[in-house]
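Residue numbers (our numbering), protein chains in the order written: chain C, 1 to 342; chain A, 1 to 342.
These are computed hints drawn from the structure, not numbers from a lab.
A hint or two may mislead.
[Said to hold, decoys possible] Here are the in silico distance ranges between beta carbons for each label pair:
1. G308/C x R258/A: 16 to 22 Å
2. E37/C x A175/A: 31 to 37 Å
3. D69/A x L307/C: 18 to 24 Å
4. R258/A x S206/C: 31 to 37 Å
5. A282/A x G36/C: 47 to 53 Å
6. V285/C x D6/A: 55 to 61 Å
7. K185/C x S49/A: 28 to 34 Å
8. S206/C x A175/A: 14 to 20 Å
9. G36/C x N284/A: 45 to 51 Å
10. A230/C x S154/A: 18 to 24 Å
[What the hints assert, rightly or not] Dumping the calculated BS3-like pairs for lysine-lysine here, alpha-carbon to alpha-carbon at most 25 Å:
11. K8/A x K124/A
12. K185/C x K168/A
13. K168/C x K185/A
[Claimed, not checked] Calculated from the model, a selection of chain A residues having no Cβ within reach of chain C, i.e. all distances over 12 Å:
14. R26
15. L27
16. A29
17. R32
18. V58
19. E85
20. A102
21. P119
22. K185
23. E209
24. E280
25. R339
Beta carbons are placed, not taken as given, at the ideal position from N, Cα and C, and that holds for glycine.
One letter stands for each residue in the lines below.
Protein chains: 2
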Amino acid sequence: MAQPSDRKRSVAVVGATGAVGEVVLRLLAERRFPVGELRALASGRSAGSKVRFAGREVMVAEARPEAFDGVDFAFFAATGSLSKELAPEVARRGGVAIDKSATWRLDPNVPLVVPEINPDALEKQRGIVAGPNCTTIGFVMALEPIRRAAGLRSVVVTTLQAVSGTGKPGLEELARQLEEERQGKAPTTSTYPTPIAHNVLPLCESFREDGYSTEEIKLLLEARKIMGLADSVQVAMTCVRVPVPVGHSATMLIETERALSPEEARRVLAAFPGVVVMDEPAQNVFPTPRDVAGRDEVLVGRIRKDLGSEKLWLWQVSDNLRKGAATNAIQIAEEMIRRGLA
Amino acid sequence: MAQPSDRKRSVAVVGATGAVGEVVLRLLAERRFPVGELRALASGRSAGSKVRFAGREVMVAEARPEAFDGVDFAFFAATGSLSKELAPEVARRGGVAIDKSATWRLDPNVPLVVPEINPDALEKQRGIVAGPNCTTIGFVMALEPIRRAAGLRSVVVTTLQAVSGTGKPGLEELARQLEEERQGKAPTTSTYPTPIAHNVLPLCESFREDGYSTEEIKLLLEARKIMGLADSVQVAMTCVRVPVPVGHSATMLIETERALSPEEARRVLAAFPGVVVMDEPAQNVFPTPRDVAGRDEVLVGRIRKDLGSEKLWLWQVSDNLRKGAATNAIQIAEEMIRRGLA
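Here chain C stands alone, though its shape is the one from the complex (with noise of 0.2 Å):
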């Protein structure tokens, strides 16, 4: 029986012309990643429109069931709606959907996976994978380390997200409104409820009726799911949006269950796969969106023990659309390949 990794598949990219989708395609390639026919594909509304992938021009068809047949494993990094409606025809039809939309994750016949974190939740998969969100993804990665060396009772996080978060209309919504204020005029608004431009706002996504904004509760969820956690760790956030094309930050003040040293949680984050640490402050050493822009790891600094307890701060930092979304997706299906499940 020849081994499944040597066989090519059948890949299809859906939301294709988007953020997401064009960094899924420009990684398959740069991965190596066995793809034999590749399948563009998007709303009704791009379909016709072209993508790149490894050097080649690709025609992007319309998303609809019958694009599937025959597919082994399909991205998706488009609305939830759609989703919705086509991971179960990949699925019907004995392909896997990895999908990048909320819509799946917190569906307990859905495994949400870290491929570092909690890849044995695949084995479990039926033709649906969901990728967390891209905020909470770095928020594992730097917290998983931390959990294993000494267990974990809260997290404080506020992240700092970058634009790019929602999309390609994220990153047009900031360049568009710099150039009206370079020009001297009002920034105008679409994407966001206020000028993004030379500002923060302390909200992403929307708002819930309890106050809270619907990316914070992700984050809460999406991580008590990856990484097991019992309801008793407490975890406290705040996302906030910054002017920052690409990369999401955040500070986290973690109690551990046992004293864990900073010298020590450098240790245990920088052997952690994914997880690069750049802490040097004598040397102005800290990582920023612009050092992990285009790549794959979690970058962690700044890591201290609190003065008041024997809490540790870090500050972690990851290319939103890599790490955060593509990368992930791809792990996963390279990861379902090495276990034989696709």
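Start from chain C and add chain A according to the hints.
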């Protein structure tokens, strides 16, 4: 006897050409501070240039000890070394130096004052009064109403600080880097160790040996002195620079001694002088740096209960050049006049 407030005061502004100095001059006129003679002073480098005050041009003279002869109030918005040398010269001549630098803040003989919070400290002044760091002021203005209502156990704060916190060089750095990027050039750095345009830096000021930034330690020690906090009150903080011209923001997670509902918190915050509550998430109403720029109040929003405890989250923004600097300094002088102290 004439009311002390009837008399015009001789006023000096040191650092008159800087970002804060300019606002001091504007606010002295706006607030109808009883200015008799006005002396615009600066380091030798800026002497000879001109600034505007109350519709007229004023020549900037070099800040030397003799320049303070006969001065009632000297507002220092310059370097710490200038304050260290010259504030005692003001006091020796019978005037009052109101200093914005860090030089005198933690001196036990110098009151560190936010007039809405600890005006009584002014009674012990001996010719030098310190204003807190811009970051500290928004922080204590949002914290003190909560502390008075329900006591304080701990607070976790992440600041998002505007580049004008670094004065004109910070504003120039952001503008220059945005223009360089627009032209497709690599951003050059001068004020900050790494580009601030399209980026966020987990560093304000400079790092100490223990991995904390000097800005973070100021926030802790100044808040303790102003609010008279016991050592048992835990203050945990990370300070971050963001590409915003004016307006410092912060997320704050507050643990009180007695439970305080968000409704009560809103009420006590709104009733506190100098604080405005902007908090209607259902209408996307929350304060941002763009809302607060040019205002003297501290704006507070996103007041909500932590999901896993009785703690309270809030978000506050303040104009770091006004309430964070110039407004607070002038309020100190106004309060001293009111009390007959000068």
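Right, here's what the structure says about each hint:
1. Take G308/C and R258/A: their Cβ atoms lie about 21 Å apart, and the range 16 to 22 Å holds.
2. The hinted window of 31 to 37 Å between E37/C and A175/A is violated, with their beta carbons roughly 49 Å apart.
3. A beta carbon spacing of about 44 Å between D69/A and L307/C contradicts the range 18 to 24 Å that was offered as a hint.
4. Checking the proposed 31 to 37 Å range against R258/A and S206/C shows it holds: the Cβ atoms sit about 33 Å from each other.
5. For A282/A paired with G36/C, a C-beta distance near 50 Å keeps the hint of 47 to 53 Å intact.
6. Taking the beta carbon of each, V285/C and D6/A are about 58 Å apart, inside 55 to 61 Å as hinted.
7. A beta carbon spacing of about 31 Å between K185/C and S49/A agrees with the range 28 to 34 Å that was offered as a hint.
8. The supplied range of 14 to 20 Å is broken by S206/C and A175/A, whose beta-carbon atoms lie about 32 Å from each other.
9. With their beta carbons about 47 Å apart, G36/C and N284/A fall inside the hinted range of 45 to 51 Å.
10. Our hint of 18 to 24 Å for A230/C and S154/A holds, since their Cβ atoms are close to 23 Å apart.
11. At roughly 23 Å between alpha-carbon atoms, K8/A and K124/A fall within 25 Å of each other, so this suggested pair holds.
12. For the hint linking K185/C to K168/A, the alpha-carbon distance of about 23 Å falls within 25 Å, and the restraint holds.
13. For the proposed pair K168/C and K185/A, the alpha carbon gap of about 23 Å is at most 25 Å, so the pair holds.
14. Every C-beta of chain C lies more than 12 Å from that of R26/A, the closest at about 21 Å, which supports listing it as non-interface.
15. Remark: the non-interface label on L27/A is consistent with the geometry, its nearest Cβ contact in chain C lying 22 Å away (cut-off 12 Å).
16. Every C-beta of chain C lies more than 12 Å from that of A29/A, the closest at about 26 Å, which supports listing it as non-interface.
17. Its beta-carbon lying about 31 Å from the closest one in chain C, R32/A satisfies the requirement of being farther than 12 Å from that chain.
18. In this structure V58/A is separated from chain C by more than 12 Å, as the shortest Cβ-Cβ distance comes to about 28 Å.
19. Against the 12 Å criterion, E85/A stays outside the reach of chain C, whose nearest CB is about 29 Å from its own CB.
20. Listed as a non-interface residue, A102/A keeps its Cβ farther than 12 Å from every Cβ of chain C; the least gap is roughly 18 Å.
21. With a least beta-carbon separation of about 28 Å from chain C, P119/A lies farther than 12 Å from that chain, consistent with its non-interface assignment.
22. Its beta-carbon lying about 15 Å from the closest one in chain C, K185/A satisfies the requirement of being farther than 12 Å from that chain.
23. Not every CB of chain C is more than 12 Å from the CB of E209/A (nearest about 7 Å), against its label as outside the interface.
24. Under the 12 Å C-beta cut-off, the non-interface status given to E280/A relative to chain C is violated; the minimum distance is some 9 Å.
25. Every C-beta of chain C lies more than 12 Å from that of R339/A, the closest at about 35 Å, which supports listing it as non-interface.
Consistency with the previously given hints fails for numbers 2, 3, 8, 23 and 24, ordered from lowest to highest.
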